[in-house]
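> The residues making up each chain are set out below.
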Amino acid sequence: MTAPQVEVLLQTLIAGLLLGGLYALIGIGMTLIMGVMKIINLAHGELMMVAMFIAYWLFTLLQIDPYVSVFIAAPVLFVIGVLLQKFLITPVLKVDSILPENQVILTVGIGMVLSNLATLLFKSDYRSVSVEYASQAWYLTDYWKDAPIELSLSFAWAVSFLIALVITAVLWFFLTKTDTGKSVRATAQDLHAALLMGVNVNRMRMLSFGIGAGLVGAAGCLFIPIYYLYPALGGQFTLIAFVITILGGLGSTVGAIIGGVILGIFESMTATYVGMGWAPVGRFVIFVAALIFLPGGVASLLRKRRVGK
Amino acid sequence: MKRSLPLIILGLLGLTPLLGLSSYIMHILIIFIMWSVIGMSWNLLGGYCGQVSFGHAAFFGLGAYTAGILYHHAGMSSWWGLPFSIVFVAGFSLVIGFIVLRLRGPYFALATLAMGEVLRVSAENLTWLTQGDMGIMLQQRTWVGKVQYYYIILGIAALTFFLVKKVIESKLGYYFVAIREDQDAAESLGINTTFYKTIALCLSAVLTGVAGAFYTNYMGYIDPKVVFALHDISIVTIMVVMVGGVATYWGPAVGAVIMILLAEVVRSIPKLGAAHHTLFGVLLIVIIIFLPNGITGDFGRLKKMFGLRNGADVDKLKRLLGFGRSSS
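So the sequence lines, in the order shown, correspond to chains A and B.
Note that the numbering used here has the first sequence beginning at 1, numbered continuously upward.
Note that the numbering used here has the second sequence beginning at 1001, numbered continuously upward.
To be clear, the hints were calculated from the coordinates, so they are not data collected in a lab.
Hints are supplied without guarantee of correctness; some may be wrong.
[As the list claims (entries may be wrong)] Covered stretches of chain A, as calculated for chain B (at least 3 residues, CB under 8 Å):
#1 5-19
#2 71-79
#3 131-145
#4 159-168
#5 202-211
#6 272-282
[Unchecked claim] Which chain B residues face chain A? A few, computed with CB under 10 Å, are given here:
#7 Leu1019
#8 Ser1022
#9 Met1026
#10 Gly1097
#11 Leu1103
#12 Ala1109
#13 Val1118
#14 Val1121
#15 His1277
#16 Thr1278
#17 Asp1298
#18 Gly1300
#19 Leu1302
[Unchecked claim] Pairs of lysine-lysine residues, derived as BS3-like cross-links and limited to a Cα-Cα distance of at most 25 Å, are as follows:
#20 A/Lys94 with B/Lys1271
#21 A/Lys123 with B/Lys1303
#22 B/Lys1271 with B/Lys1225
We put the CB at the ideal spot given by N, CA and C, even for glycine.
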């Protein structure tokens, strides 16, 4: 490989890793909901879109930095998640119907309402926040004068990635060290056993849907300095979250992180070496391959090697 | 009476064009019948066999593109799309079935969703074959007017209806329902579930593909965003069945009427652009919570909700209209 080729490869890897870290945050939210409730939340990306609009308006109207609005949007999304679980999903879990996929279709309906309400309210324009650091970057040659190749690291991408790492660490602490977190994991593992042990399963469901929504809300705020916003972007991110969940293994947080990074790198590779337009196809190829060849996802490999849960 | 009801309805629908309706009304009727066809074919796979597909746009779009590509590249009349889409979509569904039918429940749903999206993105990118986002335009419509299209789609719908009815009332249909109710139990009774699921998928895909080929002929223009649309085709297909009634003969038609009327009414109100999708979403949520088996499937519940106490009359009406779950 010549120097420019190495440069492109390394740059692609960096971009993929940073993207993967953000993807992981979206995936963890999804995997938590799927693990505890055993349903696919097909409104996941739309919830992220709602958070992005919150961050957008906070910035446009009140000049609040998107990274600060994580602390506003995530709690708001948490409340939305709890309410959705309480008033829409729980009733449907009890209803007797021919098709058990009713809950999934219900979340499709929720997603449709959210994205089309956003279209009605804000039109389908593309928007972005104009923070001044969005275009800043660090260059390798600034620090190493005689570097044979040139690499750059976008400031906004790096900060978003770091915040995503912090949030993931906090979540990990919550799930493994606190009583409530342990109850959530117990509910995910075995609903009936958890019920017998005195876990308030219904509350755990509400909590996990809320946390899942909150996480994707935080991800939305982290995405907005580096991505543009339009009402229909949700569907794409729902699918991304789902691919990560399958790739990582249902309900596995570590799996979701690894899955997110794999997907991020794979996507930026596809974009660089095959073509921008083909990235979604690569995504689904990974998805179907994981379903067929690795049904338990990365988590099943980890379990085999006896590396944690 | 009940046995001949489909024939009566077919006869009435066959006479409708004689009323000399406006071309707008004829258009609505044609679209309504087309959606009934798609809904009935989805119902065969999703309602009776229990395999909920989120990717019927893949079959619809493939059928549409079969006609479009044959016209564009081989100069054949796009009517050849109808027979060729049967062959092509059937082959495709067998290959896809091999991959997705081993998955269950939500996984199957998502795998089919991925299938639809892969085809859409491929159609957008394979510009040498599909013209990409430019789409394919047909310029060959000489003799065919709204009335002819109406009779063609009505014929397709009648064939679909009687095919679905035949299949469901045969042994095949009982196998489908057995697989839906408990796949493991069906397997243990010696039913080759993969084989029967493949049949259901193939039939459902082919019928949807034919509707797609018809769409190409009727609209005269296709592009990937329209015929492979996730929301406008795949999800609306599910909604047509969910709203009308899962696993009922008349459900898809009832659902199609409601969906199309809703869309048209909202569209006629200016400044509401995307509102019909919002309403679709609300309708879907309300239906799933209150009438999980759709309007025809949960007719009894609906009746109770509106306080229709005089059960005898309603029952008679219901029997007359052939409503109610007919999984047997």
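> Of the numbered hints stated previously, which ones are contradicted by the structure, given in increasing order?
Numbers 1, 2, 3, 4, 5, 7, 8, 9, 10, 18, 19, 20, 21 - these are the hints that the structure violates, sorted from lowest upward.
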